[in-house]
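K.L.:
Residue numbers (numbering that gives the first Met the number 0), protein chains in the order written: chain A, 0 to 409; chain B, 0 to 470.
What the hints contain is simulated information worked out from the structure, not anything from laboratory work.
Check each hint, because a few of them may be wrong.
To be verified - Derived DSS-like pairs (lysine-lysine); straight-line CA-CA distance at most 25 Å: (1) A:Lys130 x B:Lys362; (2) A:Lys263 x A:Lys170; (3) B:Lys129 x A:Lys364; (4) A:Lys170 x B:Lys362; (5) B:Lys129 x A:Lys71.
Unchecked claim - Residues from chain A that keep clear of chain B, each with C-beta distances beyond 10 Å, as calculated: (6) Val34; (7) Asn103; (8) Asp223.
As the list claims (entries may be wrong) - Facing chain B, a subset of chain A residues (Cβ under 10 Å, in silico): (9) Ala107; (10) Met183; (11) His267.
Beta carbons are placed, not taken as given, at the ideal position from N, Cα and C, and that holds for glycine.
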Amino acid sequence: MDVASTAAMLHTLQDPTGIPSHPLIFQVLMVFTWVPHILFVNISLGAALMGLYAFSKRQDPHWQLLSEAMTKVAKVGVSLLVVLGVAPLLFTQTIYDPQWYASNLLSASWVIGFIFTLTIGYLAWFTFYLKNHGEHAPGWIFWLGAFGLSMFLLDGFIMHILAYQGLQPEKWVEWYTPGGHVDMSGNRIHAYELVRWGFFMAMSITVFGAFMMAYGDYFKVRADRSPAYLAFARRLGSQIALVGAVAQVVLLLGWMLDVPAALKIWTHPMSWLLLLYLGVLVAAFAVARGNAEGQGYKLLTMSIGMAGLVAIFREVLRMAYMAPFNYSVLDYKVLWDVPSFVLFLLTIVGVGGLMGGFIITLVYKAGRVQGVYQADAVVSRLGIGSVAATALWVASFLGMGIWIWLSNNG
Amino acid sequence: MLEMLGLYPQWYVPGIGTAWVMGIIGTIHVLASHTSVGAAWLFALLAQKSVSENKPEIMLYLKKYGMFLLVFSYIVGSITGPGIWYSVTVASPRGISGLIHNFVWLWASEWVFFFVEVIGVYAMVYLIGKIDNKTYLKLAWSFALASWATMILIVPILSFMMWPGSDHWYNTGSTFDAAFNLNYFAHLGIRTAFMFAVAGAVGGIIAATLKDRATRIEITRFLSKMGLAGLFLMLVMFMWYTATLPDNARLIMETQMMPKYGSTLGALLLATLVYFIFTAWKPMYLRQSIAVVMTLAIGLFGLWPEERSRESMRKPYVAGQYIYSNQFFSRDVPGKGVVSDMPLIEARGVLATNYFVPENLRKITPENQLRAGEVLTKVMCANCHSVESNGALRPLPALFGHSDEPKMIQAYLDGALYYGKIPYMPKMPLPEDERAAIAVYIASLSGAKAPRVAVGHAAQDIDPSHAKGVN
Chain A
0 MDVASTAAML
10 HTLQDPTGIP
20 SHPLIFQVLM
30 VFTWVPHILF
40 VNISLGAALM
50 GLYAFSKRQD
60 PHWQLLSEAM
70 TKVAKVGVSL
80 LVVLGVAPLL
90 FTQTIYDPQW
100 YASNLLSASW
110 VIGFIFTLTI
120 GYLAWFTFYL
130 KNHGEHAPGW
140 IFWLGAFGLS
150 MFLLDGFIMH
160 ILAYQGLQPE
170 KWVEWYTPGG
180 HVDMSGNRIH
190 AYELVRWGFF
200 MAMSITVFGA
210 FMMAYGDYFK
220 VRADRSPAYL
230 AFARRLGSQI
240 ALVGAVAQVV
250 LLLGWMLDVP
260 AALKIWTHPM
270 SWLLLLYLGV
280 LVAAFAVARG
290 NAEGQGYKLL
300 TMSIGMAGLV
310 AIFREVLRMA
320 YMAPFNYSVL
330 DYKVLWDVPS
340 FVLFLLTIVG
350 VGGLMGGFII
360 TLVYKAGRVQ
370 GVYQADAVVS
380 RLGIGSVAAT
390 ALWVASFLGM
400 GIWIWLSNNG
Chain B
0 MLEMLGLYPQ
10 WYVPGIGTAW
20 VMGIIGTIHV
30 LASHTSVGAA
40 WLFALLAQKS
50 VSENKPEIML
60 YLKKYGMFLL
70 VFSYIVGSIT
80 GPGIWYSVTV
90 ASPRGISGLI
100 HNFVWLWASE
110 WVFFFVEVIG
120 VYAMVYLIGK
130 IDNKTYLKLA
140 WSFALASWAT
150 MILIVPILSF
160 MMWPGSDHWY
170 NTGSTFDAAF
180 NLNYFAHLGI
190 RTAFMFAVAG
200 AVGGIIAATL
210 KDRATRIEIT
220 RFLSKMGLAG
230 LFLMLVMFMW
240 YTATLPDNAR
250 LIMETQMMPK
260 YGSTLGALLL
270 ATLVYFIFTA
280 WKPMYLRQSI
290 AVVMTLAIGL
300 FGLWPEERSR
310 ESMRKPYVAG
320 QYIYSNQFFS
330 RDVPGKGVVS
340 DMPLIEARGV
350 LATNYFVPEN
360 LRKITPENQL
370 RAGEVLTKVM
380 CANCHSVESN
390 GALRPLPALF
400 GHSDEPKMIQ
410 AYLDGALYYG
420 KIPYMPKMPL
430 PEDERAAIAV
440 YIASLSGAKA
450 PRVAVGHAAQ
460 DIDPSHAKGV
470 N
């Protein structure tokens, strides 16, 4: 399809309902809610791989402990990455609706396959977790875990396909009607970019390595965790992270080479900023390799920063792909709906801040105590705030609802 | 550039249609998610009981139930939740897009609760016995309220799918006018009641395995009472719910859904009632297998008909009585600047105005009539109908009495359907040649060898195998 027709198609496909706030708000939220999602994707994939590798070496007590711990990390991580993935997906569907829907429809069977493979993959992983206890855990469960991990990787690849196909609107009609025949099966994968997918896999190695270093530092205060084991985890983490960061640099260069030259991604400052930051990260991991203790939180924070830059780079790239078709989210029709936007702000600050803050603080503090944790004044106040904020939220929402319902239907 | 329709590519699932794909994922999700919300309240109530009556053994039940809940509700529930979203994306893209663009901030608010709920369930399960009781109760009650809030926030969208209930939203476009529609509170009431009932049944799966006799009796009776309260509340709410439905939904419910599912639902209700009364009376007789069967029965004989009925009763719409189930906008929505697709279809048809149609089908000729008919039929009808004779989703050949007579089929398209006179069917004001192509294709499904309806003025023999190009 030619550029003008593709541009017209994209604008026709945009939802005529418009969006209820300025598009920049959605764009910023889309980019930055993706950061925690991808971080948990990275940590979960890394932890699952490490859980399995360590399981194969479980005769050594350190590897056995590591296997059990990382199996659990992957178990929690996957459920969190799913829930964290909802927000960026929601905002993508709000401002990049033509790209997301068309791409999904073109490979619809894979979209549905994603749900079932993720479910059975996770159940397999959960079973692996339940049985992976002690040095005498049966060897066959390795294959259960390997199956779970392979499903996670497949699902990551499906997500990659859906994102990547959405970037090539000029090919959608051709993919859907090959040779003039309509293909409604949704069975086909039409486009993928291995080097791009590989970059995110390498990012998993980096982020997971940094996570392991932080893990070693977090448990330093627990008397029931041996310092030798924690040093082992930190050392391993620093080695892994360095490998990952170097691989990221190489794969990012490969990715940029693969992007059509017309998009001029090499001249965009964001590309160089990301490359530069990755270079700094490589150096930081190299320096920390000899003396990893106490470096975990700092390097994990730097990795989170890297994820933030990757998120921006990804969006810059998408904007570059869409520019020839005059598709800019900033042109999306806006019909402001202030009350529902205020509801979201109050919810994320009030409930997210107080209840989320309460749970995260509680889990963090309780995890560092052996035996029963007695809440300190801060946690106690956060707990009261948490109950009060959720109760107030429910009462306000339903109260407002009754008033509007009576006004409209009374 | 001429005016075009904003239609997406079509996904066609032979036999069961996309509606069943959504229905299957939806049923699993509703069972898991409602159990999790109900269980959140069960957790809070039992934790409160455990602390105030100094019965630490109840906490042991909660720990065991919590692990089970993690697998059953939070893993399955949290994956099938986005799963519904994904399935609707590929089954009804304009429908879900309309909902997202109307309710994005409500959905984003729900995500906040969803997030704290998921981290909350891990804290609830793993911190039992590891934090002081007072803090645990704060966690439990926050968790219960947050879980219910996810329901409070999703029901506006589900009930809006049925209808806005008045003309306010069409003119204001306000999210809250859409959210607090006529059907909202009754719908929320039913789901709230159901969450207690199903949590009572699922809770029995673990209660039946408890070793301590006194605790087992106490918890089983607690579950029974919760289940019974849920059932009675559900009955009351159902009566209110039916009173808040639009006329088309009530008509479909009375004439199609009740004859089809009424006896099954009635039998299930009675069985559930007997189950809870029996387990309250003789708690020690409860076996894990019985609780599992009860849970599965609720899913298979309760939720599946409910999900199918809700989908059917919305007909011919998929959202807000402005988006038809076949993805076309049925009317103008001034408050949102939405313009009906009907005038454009009437003037230019679908083949010429849909981007996702190959160039060789944009104009119907004797040679491509059957293939054009297939594409049109699937675009216009496949959201609700299979084209296979033995399809599970209201198969078109059977609905036309396996007729191989295009004229008979076209008479239906020319009349009631063209003018939108059938309460549960979308209006389809297609041009003459597109109606003829659909009629020829549907007739071919029942073995018609030659079309009897002319394309232009020349009747042609058409071989149904020409349609093989459409998968």
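K.L.:
Hint by hint, which ones does the structure fall short of?
P.N.:
Of the numbered hints given earlier, those the structure breaks are 1, 7, 11, listed in rising order.
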